[in-house]
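Residue numbers (my numbering), protein chains in the order written: chain A, 1 to 116; chain B, 117 to 230.
No wet-lab data here; the hints were simulated from the structure.
Some hints here could point you the wrong way.
[What the hints assert, rightly or not] Now the in silico label distances, taken between C-beta atoms and shown as ranges:
#1 B:Y126 x A:P10: 22 to 30 Å
#2 A:L13 x B:G156: 15 to 23 Å
#3 A:G78 x B:Q196: 47 to 55 Å
#4 A:K68 x B:V128: 41 to 49 Å
#5 B:A154 x A:T113: 19 to 27 Å
Treat the numbers as computed from the prediction; the structure is a model and nothing was measured.
A virtual CB, placed ideally from N, CA and C, is assigned to each residue, including glycine.
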Amino acid sequence: GDSVTQMEGPVTLSEEAFLTINCTYTATGYPSLFWYVQYPGEGLQLLLKATKADDKGSNKGFEATYRKETTSFHLEKGSVQVSDSAVYFCALRPTHSGGSNYKLTFGKGTLLTVNP
Amino acid sequence: GAGVSQSPRYKVAKRGQDVALRCDPISGHVSLFWYQQALGQGPEFLTYFQNEAQLDKSGLPSDRFFAERPEGSVSTLKIQRTQQEDSAVYLCASSTGQGTDTQYFGPGTRLTVL
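This is chain B alone, in the form it adopts within the complex (with noise of 0.2 Å):
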């Protein structure tokens, strides 16, 4: 149906705090990706996944962040003990295929860490 979905959109959250960041893509998309868009600069990979299996999770910035798609479908991205350095945008993406196919990204949910 509809495109890649996020919730919630907007975020804040104390210093310290867990935070969990939901993506819903495309049905049927086996591909999916975590981006960080920090203000002012373009996304940066964090993670990406091929139906439930993580193959790349080189660019998660510390062990504080935990993602995970347990049945293929959704993903959660978690941020645990939030400091003010997470204060982003956190994009998700989805594509068709093995990864290498068009990328269709969500609207976002910004975080704010205070």
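The shape of chain A in the complex, shown without the other chains (with noise of 0.2 Å):
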């Protein structure tokens, strides 16, 4: 079935340093792919989606490219802020025909602490 794979946490980074948050993915076809965050006491927000292979996301100067030959969607940004204190889930979503393409599918989530 289909599966996510994260990077493991705890990340722990200063202020401005570069992020990198690696994400690879196992399903049938080609999936929608989607970086959700969920800060403390809230609940998951969508971060940024692929749809197709080569597309990259961006929001937030957070960034992501759906690379179908590697089968990764790794999130990145250059200089991250306290505010981006978060967990970040990596997720997909079938889009063949007939199947449960409403269906999300999540990594574990990797918990990103930014010190000032």
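Combine the two chains into a complex, taking the hints into account.
In structure tokens:
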């Protein structure tokens, strides 16, 4: 079945450092890929998404590129801020017809802490 | 108006008790989802509604779990005879269309079974 594997945390960085959180997936066909963020005490929020190979999703300075050849969707940010401290989840949604193409499959999440 | 809301935010139950968790989706959203998030894990799909129809309940862990959405709006997830392994955060999400649109999540209900 479909699965998502993401970098184990926690990740601790200083403000303005470069961030990478690795994410790889296993799925049939060409799933849509997502990064969700969960701030303390809040629900999951969609951070960015990509729906086909070589698409780049971006939002709030974060970027991720859909790499079909490596089945990856790594999250990057050039300069993190204290306010980026949160748990980040990589997820996929199947897109093949006739299947459960509404069901999100998540990785385990990566806790990011950014210190001043 | 506001986003997806869930109540209660925290629930403590003794083993064997029944619990009911409520989800108020974004007004007008057709699709509604329930996910279970165990400690240190990502959310896992439980069930999916389109309006009042439960189209997929394949993720419900056992027949002690039951979900309903009788009027196509508010949904309730009921767990009968709770067990310790049911302790988790239960997340509700809604989306505008047939389920392939962006899912908007509520803050979750943290259930602790003692």
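Hint-by-hint comparison with the structure:
1. With their beta carbons about 24 Å apart, Y126 (chain B) and P10 (chain A) fall inside the hinted range of 22 to 30 Å.
2. Between L13 (chain A) and G156 (chain B) the C-beta distance comes to about 21 Å, which sits within the given range of 15 to 23 Å.
3. Distance hint check for G78 (chain A) and Q196 (chain B): the Cβ-Cβ separation is about 50 Å, which falls inside the suggested range of 47 to 55 Å.
4. Here the CB-CB span from K68 (chain A) to V128 (chain B) is close to 46 Å, well matched to the stated 41 to 49 Å.
5. Look at A154 (chain B) against T113 (chain A): about 22 Å separates their beta carbons, and that is inside 19 to 27 Å.
Checked against the numbered hints given earlier, the structure satisfies every one of them.
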